[in-house]
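A.B. asks: These are the residues of each chain, in order.
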Amino acid sequence: MLVELNNVSKRYAMGDVWVDALKEITLSLDKGEFLAVKGPSGSGKSTLLNILSALDQCDSGTVQVGGVNVGALGEHKRSRFRNRHIGIVFQSFNLIPVLTALENVMYPLTLRGVKDAKPRALQALKDVGLEKQVNQRPTQLSGGQMQRVAIARAIVTRPDIVLADEPTANLDSKTSENIMALIQKLNKEQGVTFVISTHDNYVTSLASRVITILDGKLVGDSLAENRQANKYSETVLDESGVEV
Amino acid sequence: MTLGWKVALLNILRNGRRSLITLAAVVFGCTSLIIFGGFVQSMYDGMRESMIRSQLGHIQVYAEGFDQYGKAEPEKYLISSADLVEISDVIEEQIQALVVAPRLNFNGLLSDGKQSIAITGVGIDAEKEVLLSSAIHIVAGEDLFPEDAAAAHLGEGLFNSLDAEIGDYLTLLASTQDGAINAVDIQIAGVISTGVKELDDRLLRVNLPLAQELLYTSDVTRLVVLLDDTKMTDKVVGDLQRIFQQQGLKLEIKSWWDLAGYYHQVVGLFNGVFGFITVIVLVIVALSISNTMLMAVMERTREIGTIRAMGGTPTQVVGLILLESVFLGIIGSLLGLLVGVLAAKGITYAEWMMPRPPGSTQDYPIRVFVVSEILIKTFVLGFFISLVSSIYPAVKASRIPVVNALRFT
Ligand SMILES: Nc1ncnc2c1ncn2[C@@H]1O[C@H](COP(=O)(O)OP(=O)(O)O)[C@@H](O)[C@H]1O
Ligand SMILES: [Mg+2]
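Chains as they are written, first to last, in this note's numbering: chain A, 38 to 281; chain Y, 16 to 424.
The shape of chain A in the complex, shown without the other chains:
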């Protein structure tokens, strides 16, 4: 298993009351999966992704990514862990405005002093179809292009997993479709593991697996439902076999 969440809970203080953002989530994820996290606004999707991406820590339960107990890492090690193993794509792109597309993509590599950052970044930009825009600043790019740069930046380090919190929420539907097609392509062709939170049914339709969160609780998992269904039929067969 690439990712294992065990009984993960997270609560926030809102004034005097506590809000349970996540309640005892248990979830595991395989390499190469394309997981969509579905649920209404405020249901806890972002919280879940933040914990998966080692940006935030849970209050109880354990989080393992690639066999590492992320919750046990201190700030410094957690940063290093993110740099090597996690790619993050934001809803509002979050590119560094003073840097060009190429430099933005190089940035996570230079943070750990990688020597061949430039060729790797150029390749990543090519992978997202932006070989012509490498020297442009974010302000010179369209929303879709900016999100492509952000995706290139997330995959350039060859992370174990890429997390995208509503990556298409700031894009029009045509551009959203293109971005989702890119993500699907990277998932299929390069085997990049994706976890994407979304309201969008189009996104969920592309995913290999969909989980649903409601009020911080995991209320649906397409994989478990399929397994259940398979198990069911297997049981029937076994029983019938016994019976036959």
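Incorrect hints may have been included.
Claimed, not checked - Residues from chain Y shown here face chain A by an in silico Cβ test under 8 Å; the list is partial:
#1 L18
#2 V22
#3 L25
#4 R29
#5 G31
#6 R33
#7 L35
#8 E318
#9 T321
#10 R323
#11 A324
#12 T328
#13 Q331
#14 G334
#15 V417
Derived from the structure by calculation, the hints contain no laboratory data. Just so it is clear, the structure is predicted and the values come from calculations on it, not from any experiment. Idealized CB from N, CA, C, for every residue including glycine.
Fit chain Y with the ligands to the supplied structure of chain A, relying on the hints for placement.
C.D. replies: For chain Y with the ligands alone, coordinates are given in the frame of chain A:
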């Protein structure tokens, strides 16, 4: 972190107006340190040279024991006239001195018939003293000439407190070597100013033979040596000590540095003032930089969150902010050096007159030296203050929880 440099520099340019305000603060700070420091140095220099060239010379030579016992019994620690010639020759031959001149000091009373005033007298070699005491101004009357046996120069304050005119005769009383009272007549040849009021109130200069006659001696108190350049003093003192030892001359040597107690007091005082002003300037600059960096950090909270999310460590974030601030500091300090040097040159060129310092009787134009030591110090201070004053903003930036930073709009 090659990109870190670029990000830091471009971020400075990105908020040009705010960066300019901060730069202005740094430039202002550097410029004021350079100007004030250079002014103080020029003041020290002026004071030193005028003391040397009106009273002290660069080096003084006494008979052995003068330093310890000379105050109480000056008559016992004099250089005899026989030794005087030999010593003068030795000094003139062995070192590059502009002037070597004898002086005989005494205390006495000057009387105009109605009143008597205590004076500090000195018998001089009038011809040599023209060069040696070039900073003494003749306010009225004329130079002292060796031929005018009775001629005397009176300090300005002394002259004013007497009811006398140039050319008038006065009576000078003093006790001789063996304690008897002796009197000579002197004629006022001129009125002089040393620049030090306290001295001008008491000073009387006469030709050496007259002083010797008055004190009933053929000795002198000291030999005063003037050099080409004040910087040579220490070396020449060393040379003289060696030469006197070789020649078996029992003499004491003092440099202007040993004798200029007042100079050291003023230097100490002004160094204190300069230190205080430096601290104030640094605080102003530090507040300005730290304010700028706090605003920069606030504005870019989200960007910092993004860098942290990509795996930048808290230390790397601190480095990024410090780098930016140090860039500002270095650019500001370099500009400050440029502006400071130009301002120093400009002020000196303009020759504004300075208000008269306390205890001084002469006006000087304001001069501001460009002192390389001050320039280096200013630059280093600019660098360090920009580093130190951004530590708090930098640490603050690195401690914002990543999730909160990313949520920040
Ligand atoms: N930093 C926070 N402080 C307080 N409450 C928070 C914070 N982050 C999330 N929450 C609360 O936790 C719940 C889940 O939020 P979130 O994970 O952002 O949901 P989603 O992404 O599905 O909209 C919401 O009720 C939200 O108000
Ligand atoms: Mg959300």
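A.B. asks: What hints, given by number in increasing order, does this structure fail?
C.D. replies: 5, 6, 7, 14
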